[in-house]
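Asks: Single-letter residue listing:
There are 2 protein chains.
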Amino acid sequence: MGRFFSIKYDRLRPYEPGEPIQQKKTIKLNTNESPYPASPFVYRSIDQFEIDNLRLYSDPSAEKLIKAIAKNFSLDESQVAVGNGSDELLALVFMAFQNQEGRVYFPELTYEFYSTCAEAFCGSKIEVPLGDELTIDPADYCGLDGTIVLANPNTPTGLALTRAQVEAILRANSDNLVVIDEAYGDYGAESCVPLIEQFSNLLVIQTFSKSRNLAGARIGFAMGSPELIQDMNRIKRAFHPHNINRLSVIAGTASMKDQDYFKKCINDVKRTREAVAKELRTLGFTVLDSQANFLFARYPSLGGGAYCQALKEKNILVKHSDSPKIVDYVRITIGTPEQMEQLLKATRDILGIEELRDSEK
Amino acid sequence: MGRFFSIKYDRLRPYEPGEPIQQKKTIKLNTNESPYPASPFVYRSIDQFEIDNLRLYSDPSAEKLIKAIAKNFSLDESQVAVGNGSDELLALVFMAFQNQEGRVYFPELTYEFYSTCAEAFCGSKIEVPLGDELTIDPADYCGLDGTIVLANPNTPTGLALTRAQVEAILRANSDNLVVIDEAYGDYGAESCVPLIEQFSNLLVIQTFSKSRNLAGARIGFAMGSPELIQDMNRIKRAFHPHNINRLSVIAGTASMKDQDYFKKCINDVKRTREAVAKELRTLGFTVLDSQANFLFARYPSLGGGAYCQALKEKNILVKHSDSPKIVDYVRITIGTPEQMEQLLKATRDILGIEELRDSEK
Chain A
0 MGRFFSIKYD RLRPYEPGEP IQQKKTIKLN TNESPYPASP FVYRSIDQFE IDNLRLYSDP
60 SAEKLIKAIA KNFSLDESQV AVGNGSDELL ALVFMAFQNQ EGRVYFPELT YEFYSTCAEA
120 FCGSKIEVPL GDELTIDPAD YCGLDGTIVL ANPNTPTGLA LTRAQVEAIL RANSDNLVVI
180 DEAYGDYGAE SCVPLIEQFS NLLVIQTFSK SRNLAGARIG FAMGSPELIQ DMNRIKRAFH
240 PHNINRLSVI AGTASMKDQD YFKKCINDVK RTREAVAKEL RTLGFTVLDS QANFLFARYP
300 SLGGGAYCQA LKEKNILVKH SDSPKIVDYV RITIGTPEQM EQLLKATRDI LGIEELRDSE
360 K
Chain P
0 MGRFFSIKYD RLRPYEPGEP IQQKKTIKLN TNESPYPASP FVYRSIDQFE IDNLRLYSDP
60 SAEKLIKAIA KNFSLDESQV AVGNGSDELL ALVFMAFQNQ EGRVYFPELT YEFYSTCAEA
120 FCGSKIEVPL GDELTIDPAD YCGLDGTIVL ANPNTPTGLA LTRAQVEAIL RANSDNLVVI
180 DEAYGDYGAE SCVPLIEQFS NLLVIQTFSK SRNLAGARIG FAMGSPELIQ DMNRIKRAFH
240 PHNINRLSVI AGTASMKDQD YFKKCINDVK RTREAVAKEL RTLGFTVLDS QANFLFARYP
300 SLGGGAYCQA LKEKNILVKH SDSPKIVDYV RITIGTPEQM EQLLKATRDI LGIEELRDSE
360 K
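For the protein sequence lines, the chains are A and P, in the order given.
0 is the number of the first residue of the first sequence in numbering that gives the first Met the number 0; add one for each residue after it.
0 is the number of the first residue of the second sequence in numbering that gives the first Met the number 0; add one for each residue after it.
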């Protein structure tokens, strides 16, 4: 810490992004990006005219993008806000929405960024323990006295609450804001967007980074009551009136209009996920029932760290955490079928059962 | 304010971005954008490969962009940080660098965003009055007890401190951080970048939004001691590890490499500025000695608000503030020579001296 740094932020742990690729042949299954390129609509939408126009500020209301999102979800434009990635929206949420005590609740194991934001902006953070099977018990979130933030599906487990379970949480917290982060929500979980009309204490956050194949464009969006969205925009306009750059507004708008491609990519990922989960289970892995674009898996006799390291030596990156409850697990992003075949081959190698498999062919 | 909004942020005034263009024929001289398109290097650098790769997160270290900036300013890469526009960097600066009392000093009239950030993040803001001629007196900033933030040139005046004057402020505040915001620094003022090696309490902020013709790409950069940059990155990595999107990293890198185009655009703007200032003075305006890409001018008998409104009726947007000390002035961005000829023609119309000018031809 330098001599001018504020003591207040000394304890902030920087979020550790997944390791970048060092070699071209590396298979990157550690940051939950889509294995498929951006929609062809995106390439077609970015031309010389738009690039020349980079001289102009981006539209602070991001009108085109908001319109496309609202239309897609059958919402009014007053129910949608956009940010420079959902990370920016989450930071604004943690800043903007606090009761007097500044309490915020989220699961002990979830997206690490919630903890960072809570430490920076909130009075106190309460990490709610997961159940034995790494599940979130809705009963633990009923009748609390602060903002509640839940990733659904949760990361790194991939386990999802049903819409009815979230609805129970919403009913039991009518005076608390409940934020449902659906970053991974398009891969099988029930979205809570249909609950927005009914619950003014619900804010749903989604992103273009996973199911919309645009992690590098940095676009997130929040959906909720016009009152919540107005507050989000109020604080956004104070800090980043032009938070989304021109090309990302264009890319996001084009991508949101290409629903066929969106659905195809999701279905491909889900199909691959089920095939890989089945095969890993056959190999002896315990694999949680993921509704996300990743699998959370452990092998009884192989530590998560050892498996992660062994894969790394074979140029395959997956994510491992030293957190005691999940130290045996690794999180594996679903890549293309070819990449996942490589993962399975490497895994058989590591387990020493390659010959058996080969002889079966 | 909605029922969940934090009371702490209730007094935040949203920054009011310049009015967007309503009609195609509108001449937009209200937000200090460059009238010239992005460098041709930018268009050439964004191809299908890069757009397909939007599926991947942007490099959290923005290595290519940092390298290009460091090379251009003959700095080490450890002396450069980048942000989603200089607004994001400024917000991080106000968050990260505070003494125990959280005091921050800046001129009473300057970039409004400093006030927003100070209210959100700092213990107390002290707005230092300008001199009678709207000048910043370096003596007012010597021996203070908090962070000092100065736009140089200042906005909306366009007046600049010399490097020697900033050096005096730095010497008299060896225990305070001094932030010099050079958003408009390329149009004639002396940059303080050469002072970085000598003063560990200096942080210089620049942007791609003005002189580098990329307002819509949202890229700002900070230059200072490795210690300051490390602290900036520490807090950036906690909040926005992937703060700059992939296409803006590419656009910024390409633009930074095209120094010939950069210099040509600046020289064109400066030439136009001097010609327009001279003509406005001939018409009877008081025009401050701007070192920026805008002019700050007033006409004795015409209020700033009336002039701004009259121009708007002729489809020319300029910026006016109701702040008492500058209520007589308007801020006029330097556009192309053709746009400025339109401005001058409209101004003559408004003053009722068109016929005279025409008869002189």
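Hints were generated in silico from the structure; no laboratory data involved.
Every residue gets a Cβ at the ideal spot worked out from N, C-alpha and C, and that includes glycine.
A hint or two may mislead.
Unchecked claim - Here are the simulated lysine to any residue pairs, SDA-like style, with alpha carbons at most 25 Å apart:
#	chain 1	residue 1	chain 2	residue 2
1	P	Lys269	A	Asp51
2	A	Lys24	P	Glu62
3	A	Lys63	P	Thr25
4	P	Lys63	A	Thr25
5	P	Lys23	A	Thr25
6	A	Lys66	P	Asp51
7	A	Lys24	P	Asp58
Claimed, not checked - Partial chain A-side listing against chain P, Cβ under 10 Å, derived:
#	residue
8	Glu32
9	Gln97
10	Leu202
11	Gln229
12	Thr281
13	Thr285
Asks: Run the structure past the numbered hints and jot down the numbers of the failing ones, going up.
Replies: 5, 12, 13
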